[in-house]
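*Asks:* Work out the full structure: start from the sequences and follow the hints.
Chains as they are written, first to last, in the working numbering: chain A, 585 to 931; chain B, 438 to 602; chain C, 33 to 153.
No lab work stands behind these hints, which were simulated from the structure alone. Among the hints, a few may not be true.
[Stated by the list, open to error] Think about it this way: if two alpha-carbon atoms lie no more than 20 Å apart in a straight line, the pair counts; the simulated DMTMM-like pairs of lysine to aspartate or glutamate are:
| no. | chain 1 | residue 1 | chain 2 | residue 2 |
| --- | --- | --- | --- | --- |
| 1 | A | Lys592 | C | Asp39 |
| 2 | C | Lys120 | B | Asp574 |
| 3 | A | Lys644 | A | Glu614 |
| 4 | C | Lys71 | A | Glu649 |
| 5 | A | Lys592 | A | Asp698 |
| 6 | C | Lys94 | A | Asp898 |
| 7 | B | Lys573 | C | Glu121 |
| 8 | B | Lys565 | C | Glu121 |
| 9 | C | Lys147 | A | Asp898 |
| 10 | B | Lys565 | A | Glu765 |
| 11 | A | Lys644 | A | Glu832 |
| 12 | A | Lys691 | C | Asp39 |
| 13 | A | Lys691 | A | Glu863 |
| 14 | A | Lys906 | A | Glu797 |
| 15 | C | Lys120 | A | Glu768 |
| 16 | C | Lys120 | A | Glu765 |
| 17 | B | Lys441 | C | Asp39 |
| 18 | B | Lys573 | C | Glu129 |
| 19 | A | Lys691 | A | Glu765 |
| 20 | C | Lys63 | A | Glu649 |
| 21 | C | Lys71 | A | Asp654 |
| 22 | B | Lys565 | C | Glu129 |
| 23 | C | Lys146 | A | Asp898 |
| 24 | A | Lys928 | C | Glu129 |
| 25 | B | Lys565 | C | Asp39 |
| 26 | B | Lys598 | A | Asp898 |
| 27 | A | Lys691 | A | Glu768 |
| 28 | B | Lys565 | A | Glu768 |
| 29 | A | Lys928 | C | Glu121 |
Chain by chain, the residues run as shown.
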Amino acid sequence: MISFLIYKTILVIVIFAVSLVVAMYSTYGERKIAAFMQDRIGPNRAGPFGILQPLADGVKMFMKEEIIPDVSNKALFILGPCIAMLTACMTGVVIPWGDAITIGGEKYSLQITDINIGVLYMFGVLSIGVYGVMIGGWASNNKFSLLGAIRASSQMISYEVAMGLSIIALVMMTGTISLKEITEQQAGGNWNMWNVVYQPVGFLIFLICAFAETNRTPFDLPECETELVGGYHTEYSSMKLGFYLFAEYINMFISSAVIATLYFGGYNFPFMHDLGLSENLITILGVVALFAKIFFFIFLYMWVRWTVPRFRYDQLMNLGWKILIPLSIGNIMLTGLITLLRQKYHF
Amino acid sequence: MMIKYIFYFLAFVSVFSALMVVVSKNPVHCVLYLIMCFFSIAGHYVLLNAQFLAAVHVIVYAGAIMVLFLFVIMLLNLNTQSEPHKSTWLKFAAAITSGLLLVILVGTLKGSETMVMPVGNPNAGLIKNLGNTLFKDFLLPFEVSSILFLVAMVGAVMLGKKEIK
Amino acid sequence: MQSNLYDYLPILLMFIVAGGFVGGTMFVTHKLGPQIKSKIKLDTFECGIESQGNARIPFSIKYFLVAILFVLFDVEVIFMYPWAVNFKELGLFGFIEMLTFMGFLLLGFFYILKKGALKWE
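*Replies:* This is how it looks when you write it as structure tokens:
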């Protein structure tokens with residue numbers, strides 16, 4: 585019991601720290617990639633190649649004055665960013681970061697916990713994430729914040745439906761909603777392909793919804809600076825603003841991890857059991873493979889940001905309700921039909 | 438042993454937050470306490486090994502219905518911080534009604550400690566078993582519920598449209 | 033039963049770790065930053081002009097409608113998960129069952145579209 589707790593605590597702290605560090609360096613990566621795409625240099629003063637820039641940003645955030653407007657609802661004003669940050673960190677618990685690692689004959693799984701409702705847990709956390717934005721924006725008692733918060737929350741709840749529907753087609757094939765089992769089904773060998781091969785439409789819908797859920801361009805209407813100043817975090821300063829921005833990057837990281845796990849085989853990589861490597865080495869390489877996939881998707885987020893212009897709000901709502909939802913229902917029906925035909929004629 | 442303490446903790450949280458829902462003056466605080474209450478109830482479901490139900494409780498109640506509640510509260514004009522004073526007569530009626538409810542609840546639960554829980558399948562709450570039961574034995578109620586959804590959608594659209602014009 | 037509960041314990045651990053971090057950071061940033069307050073600084077931002085009234089204003093009913101429809105669709109999506117997990121065992125029968133369910137869902141959906149409830153100007 586005690587050893588179990590210690591092992592889990594260490595794992596939790598490691599994964600928490602990793603998400604923070606990845607999120608920190610995503611901000612650096614974002615600026616560097618933006619600079620590259622716009623033919624600039626980007627941050628290059630703090631340390632070699634500006635590598636210490638995220639630390640400098642963090643210290644700056646800490647040292648800034650904390651401003652809580654007079655007319656705002658103080659307790660809720662503080663609670664908003666806290667909820668945003670907390671929910672961003674909570675999803676990491678169910679993601680299988682790697683297979684088991686063997687130390688001294690004892691197997692230690694690199695997934696913090698394998699609950700058999702993994703996908704639903706993820707949705708639960710996602711649906712709570714709305715409150716961070718909503719409460720923060722409302723508590724500010726600022727018109728821009730209120731508009732930003734309401735836009736953000738209706739956007740997030742609209743795309744949550746399409747996201748849920750897009751995963752159902754995947755679950756129909758896997759027959760389980762435990763993320764660990766979904767990953768294991770995609771293990772190399774025996775012509776087990778990654779799920780993206782069977783579910784390309786589902787993957788695309790999920791990807792679009794992930795962009796919308798994390799409020800990234802082209803869906804960054806909630807903080808669209810040309811209309812709403814800063815959106816729901818107009819009134820925020822110091823680390824409270826930092827939390828909102830940081831939560832966005834953690835969400836990016838976690839959603840990339842979820843995409844990699846659900847559709848791109850998670851920690852599996854091709855020929856993993858054919859090279860004659862030891863189990864521990866395979867596990868470590870698997871973690872590296874997973875992170876390579878995650879970094880690719882984080883890069884994709886940034887790539888899209890500097891490529892695609894922002895939607896208009898009616899376009900955004902139409903895309904969510906009138907295109908993605910019917911499309912994902914069609915995808916479910918098609919998947920069901922093909923699976924049944926395959927069952928019947930064994931191909 | 439540990440389960441007992443977890444149960445007591447969750448029970449305390451749910452009762453406390455439920456009380457705070459009633460006591461809080463600010464409606465937004467009430468909503469937040471209600472969300473907390475839902476979370477602790479989801480914890481109870483996990484203790485009973487009804488994992489799917491716990492997830493549904495969080496997603497549907499805490500994640501969807503409470504968002505709707507918050508929208509409604511934000512939509513209402515909350516400029517007047519103190520709500521209008523309720524008449525004594527109203528308070529009196531409310532006290533009697535809730536007192537009667539309490540009597541009924543106590544009356545129902547009084548004999549319950551001697552009741553023996555029917556021992557069913559302890560894994561009935563897992564999503565796989567639940568789906569099997571729902572889609573084989575309870576087929577008709579499931580299909581009827583879809584009609585209920587249809588009615589709710591029509592109702593929502595009707596209400597919404599009336600406000601726009 | 034036991035093992036199942038242990039599966040949920042790490043979620044609590046993560047909550048404690050993340051909560052501790054959030055709380056600690058909030059406290060530290062509160063202590064570290066300078067504290068010079070003035071009336072104007074604590075006003076809400078409204079593009080430089082003095083703020084008019086407050087933001088407790090009613091907004092478009094559209095958002096409210098979206099929230100109601102979200103609740104309905106969310107429940108329907110949740111209903112589909114137990115079905116999807118058992119899809120292969122339920123086979124054709126289950127598929128037809130779900131087609132009926134989805135038929136009603138789509139009926140409602142088309143009604144919503146026809147009535148223009150999701151039309152944004």
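*Asks:* Against this structure, judge whether each hint is valid.
*Replies:* Comparing the hints with the structure gives:
{"no.": "1", "hint": "Lys592/A with Asp39/C", "in the structure": "holds (10 Å)"}
{"no.": "2", "hint": "Lys120/C with Asp574/B", "in the structure": "holds (17 Å)"}
{"no.": "3", "hint": "Lys644/A with Glu614/A", "in the structure": "holds (18 Å)"}
{"no.": "4", "hint": "Lys71/C with Glu649/A", "in the structure": "holds (15 Å)"}
{"no.": "5", "hint": "Lys592/A with Asp698/A", "in the structure": "holds (12 Å)"}
{"no.": "6", "hint": "Lys94/C with Asp898/A", "in the structure": "holds (11 Å)"}
{"no.": "7", "hint": "Lys573/B with Glu121/C", "in the structure": "holds (11 Å)"}
{"no.": "8", "hint": "Lys565/B with Glu121/C", "in the structure": "holds (10 Å)"}
{"no.": "9", "hint": "Lys147/C with Asp898/A", "in the structure": "holds (16 Å)"}
{"no.": "10", "hint": "Lys565/B with Glu765/A", "in the structure": "holds (14 Å)"}
{"no.": "11", "hint": "Lys644/A with Glu832/A", "in the structure": "holds (19 Å)"}
{"no.": "12", "hint": "Lys691/A with Asp39/C", "in the structure": "holds (16 Å)"}
{"no.": "13", "hint": "Lys691/A with Glu863/A", "in the structure": "holds (11 Å)"}
{"no.": "14", "hint": "Lys906/A with Glu797/A", "in the structure": "holds (17 Å)"}
{"no.": "15", "hint": "Lys120/C with Glu768/A", "in the structure": "holds (18 Å)"}
{"no.": "16", "hint": "Lys120/C with Glu765/A", "in the structure": "holds (16 Å)"}
{"no.": "17", "hint": "Lys441/B with Asp39/C", "in the structure": "holds (17 Å)"}
{"no.": "18", "hint": "Lys573/B with Glu129/C", "in the structure": "holds (10 Å)"}
{"no.": "19", "hint": "Lys691/A with Glu765/A", "in the structure": "holds (17 Å)"}
{"no.": "20", "hint": "Lys63/C with Glu649/A", "in the structure": "holds (9 Å)"}
{"no.": "21", "hint": "Lys71/C with Asp654/A", "in the structure": "holds (8 Å)"}
{"no.": "22", "hint": "Lys565/B with Glu129/C", "in the structure": "holds (17 Å)"}
{"no.": "23", "hint": "Lys146/C with Asp898/A", "in the structure": "holds (17 Å)"}
{"no.": "24", "hint": "Lys928/A with Glu129/C", "in the structure": "holds (18 Å)"}
{"no.": "25", "hint": "Lys565/B with Asp39/C", "in the structure": "holds (18 Å)"}
{"no.": "26", "hint": "Lys598/B with Asp898/A", "in the structure": "holds (18 Å)"}
{"no.": "27", "hint": "Lys691/A with Glu768/A", "in the structure": "holds (17 Å)"}
{"no.": "28", "hint": "Lys565/B with Glu768/A", "in the structure": "holds (19 Å)"}
{"no.": "29", "hint": "Lys928/A with Glu121/C", "in the structure": "holds (13 Å)"}
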